[in-house]
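Same order as they appear, the protein sequences are chains G and W. The opening residue of the first sequence carries number 1 in this note's numbering; numbering runs sequentially from there. The opening residue of the second sequence carries number 180 in this note's numbering; numbering runs sequentially from there.
Because the hints were derived from the structure by calculation, they are not lab data. Cβ coordinates follow ideal geometry from the N, Cα and C atoms, glycine included. Treat the hints with caution; some may be incorrect.
To be verified - Within a straight-line C-alpha distance of at most 35 angstroms, the following computed DSBU-like cross-link-like pairs (lysine-lysine) qualify:
1) W:336 with W:321
2) G:162 with G:42
3) G:60 with G:173
4) G:173 with W:501
5) W:336 with W:245
6) G:162 with G:60
7) G:60 with W:263
8) W:336 with G:173
9) W:486 with W:185
Unchecked claim - Using C-beta positions, here's what the derived DEER-type ranges look like:
10) G:32 with W:229: 40 to 48 angstroms
11) G:158 with W:234: 26 to 34 angstroms
12) G:158 with W:229: 34 to 42 angstroms
13) G:123 with W:257: 12 to 20 angstroms
14) W:483 with G:158: 25 to 33 angstroms
15) G:39 with W:481: 45 to 53 angstroms
Claimed, not checked - Calculated Cβ distances over 12 angstroms to all of chain W for the following chain G residues:
16) 28
17) 32
18) 40
19) 45
20) 53
21) 56
22) 92
23) 113
24) 120
25) 126
26) 130
27) 136
28) 146
29) 148
30) 175
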Amino acid sequence: MTSDNFSSDNRSINGNGANNLSRFLPPLPVFILQPLLNHIVKTVARRHPELFARLGDSCKKRYLIDPYNLPIFLLLQPDPDHPQLRIYNRGRNVPYDVFISGTFKTLLRMIDGQTDSDALFFNRQLKVTGNSEAVVALRNALDNMDATLAQDVASCFGPLSKPVRLLIDRIIKPGKTTL
Amino acid sequence: MTQLFKPELVCPAGTPASLRTAVEAGADAVYCGFQGPTNARNFPGLNFTRDEMITAVDWAHQRGAKVLSAINSFPTAGRTQIWKDAIDDAVSIGVDAAIIADIGMADYMHKSHPDHRMHLSVQAGASSPEAINFYCERFDIKRVVLPRILTVAEIKKVHDEIPCEIEAFVFGNIGMMAEGRCALTNYVTGLSTNMDGVCSPANFVNYEEDENLNLTTRLGEFAIDCISCNENAGYPTICKGRYNTVHKQEYYAFEEPISLNLTALLPDLMKAGVTALKIEGRQRSRAYVRSVVSEFRGAVDAYSEGKYPDISNLLALTEGQKETQGAFRSKTWR
């Protein structure tokens, strides 16, 4: 699939009952978060070089990750030579190859290995469009990690890693949350 | 309920991490394949390198679990060496059995590695005692994985007329009824499920959601289904598509997006003489493997001890959120 433009203006609320907080929140100062995301993506790449072998040519693709109930979205480029994870406020036009969308909680549960992505797709909690080969490669590469991606992300917070892990656990706990 | 013979639980692994998850969840044996066209789950990012297989076999054996190598696709003329290499490597690595589909590769393995255990893949489509006995006599097949077209009563009859073990699918995706013969993907993409190991190759799959959240699934130039916003989705395979024809509108011409679930029939299968119970899903995540294997471990153990387990927890993991007992209960299915 060729690249397309992404804009939050083109998105509508998924009909699964999630609260769309993004409508009410002001733009976030994402530049504050960007150094942290740089640290996370470089740490994960350094710890898991085997990820790139499984990704194959898909490591050159751009994955737009859309937690649609938050006011931001992420763009992942898992290039082994220059891995990037960029954060944007909604409204920005960003070209991508793959579009992955769900609530923040759904996406977090997925990268923490708590739930099966096929099942999420079957019941429409997860939306995937764009280059399907790249999606499948990323899913399988991440699924082969013994520690989950969420665990790696938490560990990047240094002395705060335990509170961050507790926060993740609280968010992904089954039941109703606003995320 | 009386105690029953406890069958082997054979579980899927698409990656080394899935293999470890399956064993930790209670698998007696795990089946997996090498990267490339020699196995029927040749998807991006999936399967094992030779080095990964060596490590995985060693790890599983230390924990008392078997590893079965799926070499269950069909080589075309001029490409047989890839499959022969896979068989040689699997034997050299020390897998507990190779699962073979192609009759030529069965002959190769029998002649090259006569002492190594060989299972006949479901892809071989051997469903009658005559066919299975042929494979046993010619190639010393030790176990047959039965196609999903037989009732439990028929499985019992087959069991009584063959010298080898029987492995039966109990959970997961259901393919075309004539297994190993499906050419639908080949027709659309030029790649073969059975010869390239790719059913609905991902680079031909496209999903489009419109402003009303209706999801259109395409394989190549063909629309397979249009799923409305309040419907569950299935895999993007032609056999699970919904079509408009002059006879009917929006109907499943081949099969519905639905998963096999035989938890309720496990005691009957155990009584019928099934040696091994197989869970489908090498393309699924570790979360699926952990959930399904744990559930079946509990169910098999409970039934074998004469107890009745809770078997209601697997629906969320089924395709289309629907499950069936397929042909195992009745020939009237589909």
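Worksheet item: Looking back at the numbered hints, which does the structure fail to meet, lowest number first?
Response: The structure conflicts with hints 8, 13, 14, 20, 21, 23, 24, 25, 26, 27, 28 and 29, although it agrees with all the remaining ones.
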